[in-house]
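**Student:** Each chain, written out:
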Amino acid sequence: MIRLENVTKSYSEEVIALRDASFEVAKGEFVFLVGPSGSGKSTLLRLLNRQERPELGAVWVAGRNIVDMPANRVPMLRRNIGNVFQDYKLLLNKTVFENVAFALEVIGRPKHVITQQVPAVLELVGLAGKEDRFPDQLSGGEQQRVSVARAFVNRPLILIADEPTGNLDPATGEGIMRLLDRINATGTTVVMATHDQRIVDSMRKRVIQLDRGTIVRDQARGVYQ
Amino acid sequence: MISRIAYVLRETAASFQRNLTLTVAAVITAAVSLLIFGLTLIIQHGFDNLLAQWEGGVEMIVHVNAGAGDAQRAVIEEALVQQEGITIDSWRYCDVTCSLADADRLLAGDPTTRELLTAENITTQYKVVPMDATQVDILRGLRDRYLGLPNVNTVQLAEEQLDLISELQGFVSTYTTGLWIALMAAASLLIWNTIRTAMFARRREIEVMKLVGATDWFIRLPFMLEGLLHGLIGGVLASGALWFINDRWTAGVQGFPDNSGMTALVVVDGYQWQVALIILVFGSIVGTVGSGTAASRFLDV
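Protein chains in written order, with the working numbering: chain V, 107 to 331; chain B, 283 to 583.
In short, the hints are calculated from the structure, not lab data.
Possibly wrong hints are sitting among the right ones.
[As the list claims (entries may be wrong)] In silico SDA-like links for lysine to any residue, alpha-carbon gap of 25 Å or less:
#1 V:Lys311 with V:Asn273
#2 V:Lys217 with V:Phe240
#3 V:Lys195 with B:Arg502
#4 V:Lys217 with B:Thr497
#5 V:Lys195 with B:Leu581
#6 V:Lys195 with B:Arg286
#7 V:Lys217 with B:Phe500
#8 V:Lys133 with V:Glu269
#9 V:Lys195 with B:Thr303
#10 V:Lys200 with V:Thr278
#11 V:Lys236 with V:Gly272
#12 V:Lys195 with B:Arg300
#13 V:Lys133 with V:Ile172
#14 V:Lys200 with B:Thr497
#15 V:Lys311 with V:Leu230
#16 V:Lys200 with B:Thr294
#17 V:Lys236 with V:Thr292
#18 V:Lys200 with B:Arg286
#19 V:Lys200 with V:Leu230
#20 V:Lys311 with V:Gly232
#21 V:Lys200 with B:Thr303
#22 V:Lys200 with B:Leu503
#23 V:Lys311 with V:Asp324
#24 V:Lys217 with B:Ser285
#25 V:Lys217 with B:Leu291
#26 V:Lys195 with B:Val290
#27 V:Lys200 with B:Tyr289
#28 V:Lys217 with B:Thr294
#29 V:Lys311 with V:Arg109
#30 V:Lys200 with B:Phe482
#31 V:Lys217 with B:Glu293
#32 V:Lys200 with B:Ile287
Turn these sequences into a full structure, and let the hints guide you.
**Tutor:** Following this line, the structure appears as structure tokens:
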């Protein structure tokens, strides 16, 4: 599903975010990216949805090298990749339903599809009955659930999550992880960057560890350290 | 498709409300510049009316008494033919129909006087193109000679009005053109800034849209539509103001003295509707270009 071949990405001569990174992620896998701040986790995630392009190497997503993909094809790529962020990135002037529906609306899904898929995904993330609330009327955990619902509503092949539990208390974070695990169980590949040792240790999924842009460990059913 | 159209319209309407003061400023500036653009076209057309009888290098007009037949005009034509190739380059006869058409344009602002002119009482004209228009003395000599011919009513020389009007036309069109170009640039920049502000206000939405796979065109479209509406609404306001000013001017000109020359400086032949259409199209293009440029430039907010 995802393959990086000798990828190097730098922001300047001094700031090298990734050095010669290579790994492969199979369809339906759940992978943690761990490492200290500045180790290149977020850059790696941004390479997967073509927010960034590497100087060297190839990034294969769903069978296509996306490094030289024409700009007009990038939206199609992104429709197959859901994104979950630490700060949720919800639209404060839209309700829960509208936030999730927005992801379908802007890619031209018809109304009957939206009215069918949005309630279903809100049910999945445990927000049924809260469709009409605005983000500031929800807890942090609930807001992150909306963010997950928005990322998953289009049934993407891949879901990338950048510190999704970073702003949440441990109990709420566990709830989000159970949700991501459930989404992974449907066949969606999940790649998640995190600092949360407790979560990584408890889930025992594959762990790729980065240090100053270099992959220093790639361990199946791994732990944080 | 319907959901996309509904989305674009809804977002455009929301953006209008969100940036109301900037929108109003952009629309007013567009309206004022388009009004001056329209006035330039109308004034130009008025001058064209005034100079209609002198089109094609005509420097002298010999007015023939109404009712003069072919035999009576033959004397005049013989005199003209005698000068062909010497002082006169060419000449043509403007018959009753042609002279009435000239009167329609020259007396556009004075329908009362125009109504007095009929096929029976209007003077017909010989329009004369000289060999050298700068030889004013020769033209004056010709005028004096033709005035003595039977059935010649009057002889007009272009130098008496043409030079002054041409100079005035050049002056007015230069300054009004400069003014509308400057104002149009200001309107376009204001629309550009309005769209930039709108995009900045919606930067999080745009970021989310891009991440979930919206195309750049889909993101741009509401902003471009917003700019188009700025220009279009400005055009509608300018067209209304132009109609009002033209109507008041046309009514006012009727009170001017007949010999003021102002009676031709009006537009009543439907040309103002063409100008209104030009203004609407031009306003829409300027608005779309201004907003489209901003929408492309600031897509990565």
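**Student:** Hints broken by the structure, by number, lowest first?
**Tutor:** 9
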